[in-house]
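Novice: Going line by line, the protein sequences match chains B and P.
Numbering-wise (UniProt numbering), the first sequence opens with residue 1 and increments by one.
Numbering-wise (UniProt numbering), the second sequence opens with residue 1 and increments by one.
Quick caveat, the hints were computed from the structure, so don't treat them as lab data.
Don't take every hint at face value.
Covered by chain B, per the in silico footprint, the following chain P stretches (three or more residues, Cβ under 8 Å) [unchecked claim]:
no., stretch
1, 36 to 48
2, 53 to 64
3, 129 to 136
Some chain P residues flagged as far from chain B (calculated, every beta-carbon gap over 10 Å) [what the hints assert, rightly or not]:
no., residue
4, Asp16
5, Gly87
6, Ser143
7, Met156
In this text, a Cβ means the ideal position worked out from N, Cα and C, and glycines have one as well.
Given next are the chains, with one letter for each unit.
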Amino acid sequence: MEFLRPASWEEALAAKAEHPSAVPIAGGTDVMVEINFDHRRPTHLMDLNRVHELHEWEIGDETVRLGASVPYSKIIDELAHELPGLALASHTVGSPQIRNRGSVGGNLGAASPAGDSHPALLAAGAEVEAESVRGTRFIPVEDFYTGVKRNALAEDELIKRVHIKKADGPQQFSKVGTRNAMVIAVCAFGIALHPETRTVRAGIGSAAPTPLRARTAEDFLGAALEEGGLWDSGRTIPPSVAREFAELCSGACNPIDDVRGSAAYRRRAVGVMARRTLGWVWESYRATGNGRTTEGGAQCA
Amino acid sequence: MRVTFTVNGRRHEADDVWEGESLLYVLRERMGLPGSKNACEQGECGSCTVRLDGEPVCACLVAAGQVEGREVVTVEGLAEYARERDGSEGRGSTGDLAPVQQAFIDAGAVQCGFCTPGLLVAADELIERNPQPTDADIREALSGNLCRCTGYEKIMDAVRLAAARADDSAPEVV
Chain B
1 MEFLRPASWE
11 EALAAKAEHP
21 SAVPIAGGTD
31 VMVEINFDHR
41 RPTHLMDLNR
51 VHELHEWEIG
61 DETVRLGASV
71 PYSKIIDELA
81 HELPGLALAS
91 HTVGSPQIRN
101 RGSVGGNLGA
111 ASPAGDSHPA
121 LLAAGAEVEA
131 ESVRGTRFIP
141 VEDFYTGVKR
151 NALAEDELIK
161 RVHIKKADGP
171 QQFSKVGTRN
181 AMVIAVCAFG
191 IALHPETRTV
201 RAGIGSAAPT
211 PLRARTAEDF
221 LGAALEEGGL
231 WDSGRTIPPS
241 VAREFAELCS
251 GACNPIDDVR
261 GSAAYRRRAV
271 GVMARRTLGW
281 VWESYRATGN
291 GRTTEGGAQC
301 A
Chain P
1 MRVTFTVNGR
11 RHEADDVWEG
21 ESLLYVLRER
31 MGLPGSKNAC
41 EQGECGSCTV
51 RLDGEPVCAC
61 LVAAGQVEGR
71 EVVTVEGLAE
81 YARERDGSEG
91 RGSTGDLAPV
101 QQAFIDAGAV
111 QCGFCTPGLL
121 VAADELIERN
131 PQPTDADIRE
141 ALSGNLCRCT
151 GYEKIMDAVR
161 LAAARADDSA
171 PEVV
């Protein structure tokens with residue numbers, strides 16, 4: 001094994017072009033587990049910790065440009081206002097030690113269906129900035145996940161940033177597991193209200209081969225809110241609408257039975273999380289007119 | 001490969017480090033610092049918690065090569081680290097122990113002792129960052145450290161005690 005230590009982004013891209021099988025390592029919270037357990041013996045390990053751009057973020061008018069290696073602890077402390085859903089999801093990652101090292105770039109690189117940031121990225125709307133010596137691509141996050149632990153990156157590409165839409169309304173995240181810390185999601189759910197476009201987006205994690213959006217449920221809810229004039233009136237969402245939304249979210253799942261839970265349980269739990277988180281975001285929306293949630297505190301489902 | 005970094009204020013060098021080796025392995029097997037414990041090797045148990053440039057991390061998940069030129073504090077250096085931070089007038093420190101170490105002894109929060117080094121590093125960082133933590137703060141800060149025998153209640157007592165001793169204005173409660 002060779003250890004590559006690029007000092008700059010350009011050096012990292014050149015190294016990846018020269019050694020396409022090089023495994024990038026930033027926080028190490030996935031890669032080191034695989035190495036420690038002898039599940040992986042890459043020819044090259046490429047340390048990205050010295051590439052300072054990857055640890056930076058920028059808050060623009062429309063989006064937050066989040067460096068691939070920005071650790072979850074920074075997202076929780078610094079970006080809960082702009083990215084409330086992602087901050088909530090970040091808070092459920094591992095433990096403080098893991099949150100100090102793990103990052104959204106790593107979550108995307110690993111592309112595990114159980115990655116905690118995926119449902120929040122899908123709900124908020126995000127693009128992955130992938131770069132190689134050949135150039136830069138912006139990949140919508142829903143197109144980034146291509147299979148179980150597979151993503152759309154070419155072998156010479158690295159993730160530089162994730163461009164995440166700033167919240168224009170309340171967002172929520174919910175995750176099922178056996179305790180509050182150190183839990184791989186049995187399943188997870190992210191929801192974002194977008195009052196500016198009068199749309200709702202919902203992301204599902206760990207209930208299909210890839211993280212995915214519940215598009216039929218999104219469309220149904222968007223139409224129901226529009227027809228009922230609920231965006232303007234701020235009235236309570238009729239229980240029948242919430243129920244139908246939950247069922248459509250369950251229906252979007254394509255889960256498996258595994259050690260963490262059965263397919264049937266996952267499908268049911270996603271529906272429950274969909275209904276509850278919809279209630280929470282709608283309450284925030286009603287409470288403030290366009291109720292943007294800024295708090296990162298965990299809410300008990 | 002050769003890796004050079006600062007451990008507990010002193011520059012250390014390790015030779016013939018395998019490229020896939022963890023910081024934990026280097027500390028324990030090459031630098032003679034077995035305080036950080038090796039258990040799960042997957043970031044679940046927190047027994048290997050050290051400070052890397054000030055931040056608590058699992059040493060088993062840091063590749064040795066990533067630590068080149070950086071600063072690590074392990075449980076072996078905790079007393080000195082606390083002394084430099086708190087000054088000699090820092091309350092609750094006795095002899096060679098950091099205040100948080102003394103509090104763990106006084107509260108009976110050490111049984112087999114395996115999880116203790118990781119808990120000490122995590123608890124010391126919590127009190128440094130948040131001198132008057134609530135019980136919820138303590139539980140969250142220690143949520144990545146597993147203990148299978150002492151019991152978390154004694155550990156909670158110890159952290160409350162260390163925080164109370166560090167806070168001059170607070171009355172001491174055991």
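Novice: For the stretch 36 to 48 of chain P, do three or more residues have a beta carbon lying closer than 8 Å to a beta carbon of chain B?
Specialist: Three-residue rule met by the stretch 36 to 48 of chain P, so holds; n is 5.
Novice: Compute the least Cβ-Cβ separation between Gly87 of chain P and chain B, then decide whether it is above 10 Å.
Specialist: 26 Å, holds
Novice: Quick check for students: does the CB of Ser143 of chain P sit more than 10 Å from each CB in chain B?
Specialist: Check fails; 3 Å does not lie beyond 10 Å.
Novice: Is it correct that the beta-carbon of Asp16 of chain P has no partner in chain B closer than or equal to 10 Å?
Specialist: 13 Å, holds
Novice: Please settle this one: Met156 of chain P was flagged as non-interface, so is its CB more than 10 Å from every CB on chain B?
Specialist: With a cut-off of 10 Å, Met156 of chain P remains clear of chain B, as the shortest Cβ separation is near 15 Å.
Novice: If you look at each residue in the stretch 129 to 136 of chain P, do at least three have a Cβ nearer than 8 Å to any Cβ of chain B?
Specialist: With 0 residues close enough to chain B, the hint is violated.
Novice: Confirm or reject the coverage of the stretch 53 to 64 of chain P by chain B under the rule of 3 or more residues with a beta carbon closer than 8 Å to the chain's beta carbons.
Specialist: holds (count 8)
Hints 3 and 6 from the earlier list are contradicted by this structure; the remaining hints agree with it.
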